[in-house]
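Chains as they are written, first to last, in this note's numbering: chain S, 1 to 214; chain Y, 1 to 205.
Treat the hints as calculated values from the structure; they're not laboratory data. Heads up, a few of these hints could be off.
To be verified - Straight-line distance between alpha carbons at most 25 Å, and here's what the computed DSS-like set of lysine-lysine pairs gives:
id : chain 1 : residue 1 : chain 2 : residue 2
1  : S       : K170      : S       : K45
2  : Y       : K65       : S       : K97
3  : S       : K105      : Y       : K10
4  : Y       : K172      : S       : K209
5  : S       : K105      : Y       : K61
6  : S       : K97       : Y       : K61
7  : S       : K105      : Y       : K172
8  : S       : K43       : S       : K105
9  : S       : K97       : S       : K43
Stated by the list, open to error - Partial list, derived from the structure: chain S residues whose beta carbon lies under 8 Å from chain Y:
id : residue
10 : V31
11 : I34
12 : C35
13 : A100
14 : V103
15 : L113
16 : C118
17 : M187
18 : P190
19 : V195
20 : I201
21 : R205
22 : I212
Each residue gets a CB set at the ideal place from its N, CA and C atoms; glycine is no exception.
These are the residues of each chain, in order.
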Amino acid sequence: MSSEKEPLFSAKNLKLLKEPLGSSNPITVQVLGICSALAVTVKLKPSIVMAISVMVVLAASNVVVSLLRKMVPPRIRIIVQLVVIATMVILVDQVLKAYAYDVSKQLSVFVGLIITNCIIMGRLEAFALGNRPWPSFLDGLGNAAGYGVILIIVAFFRELLGSGTLLGYKVIPQAFYDAGYMNNGMMILPPMALVVVGIIIWIQRARRKDLIEN
Amino acid sequence: MENLVNIFVKSIFIDNMIFAYFLGMCSYLAVSKTVKTSTGLGIAVIFVLGFTVPVDYLLEKFVLKDGALAWLSPALADVDLTFLSFIMFIAVIASMVQLVEMVVEKFAPALYTSLGIFLPLIAVNCAILGGSLFMQEREYANIAEATAFGLGSGVGWFLAIVGIAAIREKIKYSNVPAPLRGLGITFIITGLMGIAFMSFMGIKL
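This is chain S alone, in the form it adopts within the complex (with noise of 0.2 Å):
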């Protein structure tokens, strides 16, 4: 395939993987796949599966599009993506339907929301199309990564907060309750959700001045 030979994992290549999990997050920093990110971080164990289906759908549709972007015309590239994208998602949404029928009624529309996810659509375009399937994979890797540990973080909170379970496991132990602690309800309802993506940006801005916004 090329002529020059690049270890599989190069310091390059390793940063595709690394950048998206902080200085480059999808979510708070290149504000893309907000959509679905939100009204599944009810609990972690539905969101633990969002991000795997995410991390499938964009590793896979990134190497297509990438293996495809010599013969694809730019004129009918989003059609063309939109379509391997669908074709993923029909894949992931009857495999959850097969193995894990439970999490994806829970899921509902939002697996067949990863095809309008920008994140996919945002990764295809600025990354696949311009490089070679190996360095696309890995990229559709760190980004889908950097997804889901925002997904993760959210719904680590509000299970933890909103239901006193993780995983559905108990763990707020019941000498709390007793005591007068009480599940905060607040952070079921979908607004919290926001709030809390606020201040994971809030926490990630303050650390590193050079993300603030003017």
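Position chain Y against the provided structure of chain S, taking the given hints into account.
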């Protein structure tokens, strides 16, 4: 008729696309800097949702649903094409957006120039696909109900984006903590607006 009004009002206030389901957040955050552009985008979304939801409803009813092909020939009565719905819906949305764009250009050139780039971009707005998927999940009884739902969701989205744009125009003059400026404060304000919209939840329709 009463039923239609109920669905319309419910999809504007109680099942609001932004505050209850976070659909279309990407363009909501990106385009809500001024009231003028967000009004344009909001109107375009009402347009497209009002068109695509009924069309997808017909598609669902006569092609995709389990046994929906029975009207073609009895031999096709047990064909279930539901798994194709994502790809069909997105194709319908992409072509409807194109069609709406052409119609608007022909009959309302002033509106067309004011919407500009936003019309084609609506194809990848999650609120549109979300509208069709919710329509499929909630199984509306007829096309009128589906249309009422589509229009109502569009109006709800319109209200949300115009509201946040107005607040963002004013907040430029406030002293927000530096790390929270821009994206962070927009998230928190949207959360507060969502809490305000939750007060509609108690209404029994």
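Going down the list of hints, with the structure as the test:
1. K170/S <-> K45/S: 14 Å, holds
2. K65/Y <-> K97/S: At roughly 17 Å apart (the allowed maximum being 25 Å), K97/S and K65/Y satisfy the hint.
3. K105/S <-> K10/Y: 23 Å, holds
4. K172/Y <-> K209/S: Given pair K172/Y, K209/S holds - Cα atoms ~20 Å apart, limit 25 Å.
5. K105/S <-> K61/Y: 22 Å, holds
6. K97/S <-> K61/Y: 22 Å, holds
7. K105/S <-> K172/Y: 42 Å, violated
8. K43/S <-> K105/S: Status holds; Cα separation ~13 Å.
9. K97/S <-> K43/S: 19 Å, holds
10. V31: 6 Å, holds
11. I34: Holds. Min distance 4 Å.
12. C35: 4 Å, holds
13. A100: The hint is violated - A100/S has no Cβ within 8 Å of chain Y, the shortest such distance being about 17 Å.
14. V103: For V103/S, the interface hint is violated, since the closest Cβ of chain Y sits about 16 Å away, which is over 8 Å.
15. L113: The hint holds - L113/S has a Cβ within 8 Å of chain Y, the shortest such distance being about 5 Å.
16. C118: Where the cut-off is 8 Å and the nearest Cβ of chain Y is about 4 Å from C118/S, the hint holds.
17. M187: 12 Å, violated
18. P190: 6 Å, holds
19. V195: At about 4 Å, which falls below the 8 Å cut-off, the nearest Cβ of chain Y leaves the hint on V195/S intact, so it holds.
20. I201: 4 Å, holds
21. R205: 4 Å, holds
22. I212: This hint holds: I212/S lies near chain Y, its Cβ roughly 5 Å from the closest one there, short of 8 Å.
Hints 7, 13, 14 and 17 from the list above are not met by this structure, while the remaining hints are.
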